[in-house]
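Student: Here the protein sequences line up with chains A and B, keeping their order. Under our numbering, the first residue of the first sequence carries the number 1, and numbering increases by one thereafter. Under our numbering, the first residue of the second sequence carries the number 1, and numbering increases by one thereafter.
Wrong hints could be hidden among the right ones.
[Stated by the list, open to error] What follows is a list of derived Cβ distance ranges for each label pair:
hint : chain 1 : residue 1 : chain 2 : residue 2 : range
1    : B       : R106      : A       : A15       : 56 to 62 Å
2    : A       : S157      : B       : L2        : 27 to 33 Å
3    : A       : A134      : B       : K27       : 35 to 41 Å
4    : A       : G10       : B       : T72       : 46 to 52 Å
5    : A       : E45       : B       : R45       : 43 to 49 Å
Simulated from the structure, these hints should not be mistaken for laboratory data. Cβ coordinates follow ideal geometry from the N, Cα and C atoms, glycine included.
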Amino acid sequence: MSDVVTALNGASWDAGIARVEGVPLQGMITLRGDFGSKALQAAAEAAAGVSFPDVRSAQCNGDSGLCWMSPDELLVLCPYAEVEAKVSALSDALKDSHFLAANVSDARASFRVSGPHARDVMAKLCPVDVSPAAFGPGDFRRSRMAQVPAAFWMCDSDTFQIICFRSQAQYVFDLLKVAAQPGSEIN
Amino acid sequence: MLMLTCPVCGATAEETEFHAGGEAHLKREGPGSDDAAFEEYLFMRENPKGVHLERWRHVYGCGKWFHAARCTTTLEVFGTYSAQVLEPPQEIKDKISAKRPGWSWRNYS
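All chains, please: the whole structure from these sequences, using the hints.
Tutor: Below, the structure is given as structure tokens:
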């Protein structure tokens with residue numbers, strides 16, 4: 001059995017205005033179904049141990065959480081080692097309804113951008129208002145970063161966590177390094 | 001810059017986060033329709049200078065389709081509304097009328 005590694009195997013960079021680092025292995029499950037269903041809400045809450053998120057928001061607690069992706073899609077975050085067990089539990093809980101629970105942990109790459117200028121870095125790459133008044137911890141947004149789709153939220157007031165496709169991990173990492181190059185603060 | 005608000009997820013973003021899906025409220029003509037109706041469905045478009053109703057998809061966001069009412073000359077957006085309707089809701093028509101009195105688009109006004 002080969003060792004499981006993240007897309008960039010823990011790459012990090014902090015020579016610029018914000019620290020950019022690859023997030024260690026993170027369990028991710030795409031859960032699709034009817035959000036109005038009590039069974040789906042209960043199953044999702046049980047899998048992540050947090051309450052069901054509102055529209056465009058994320059409920060995160062360490063490496064567990066629920067993120068609102070669309071009106072019928074949730075991203076369930078969990079420790080990497082537990083992901084298969086969580087998928088089974090979700091599948092058992094929802095077997096009588098129309099749903100999808102898929103392990104996408106290895107299909108995605110995840111990065112963190114942290115530091116007092118983290119907002120500047122994100123503002124350069126996404127067509128999103130990331131000012132403190134418009135975007136803060138608890139908010140979740142799917143958008144694009146330059147030319148590729150990405151989703152992000154804030155772990156705290158100085159830290160963004162980004163999810164993108166694994167095949168685009170190097171592109172996104174390079175993009176973040178350019179946007180965070182020394183002397184490029186916006187203010 | 002064209003700014004749209006997705007009525008499904010409520011996110012406001014500029015047009016690069018969306019994808020244009022062409023003219024709104026087309027009635028599909030399938031097998032059995034006469035040639036004139038099929039031609040109308042396939043090729044005939046309003047292509048107006050001014051008020052226009054269009055389909056858009058929030059392609060980098062929630063992925064859902066919706067409708068938008070906007071002005072093709074000024075890029076002003078009058079409003080966005082659900083994809084699951086066959087004609088613009090009265091609320092949208094009122095918003096257009098407030099900004100462009102006397103407007104008409106196909107048989108709506």
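Student: Looking at the structure, which of the earlier hints fail to hold?
Tutor: none
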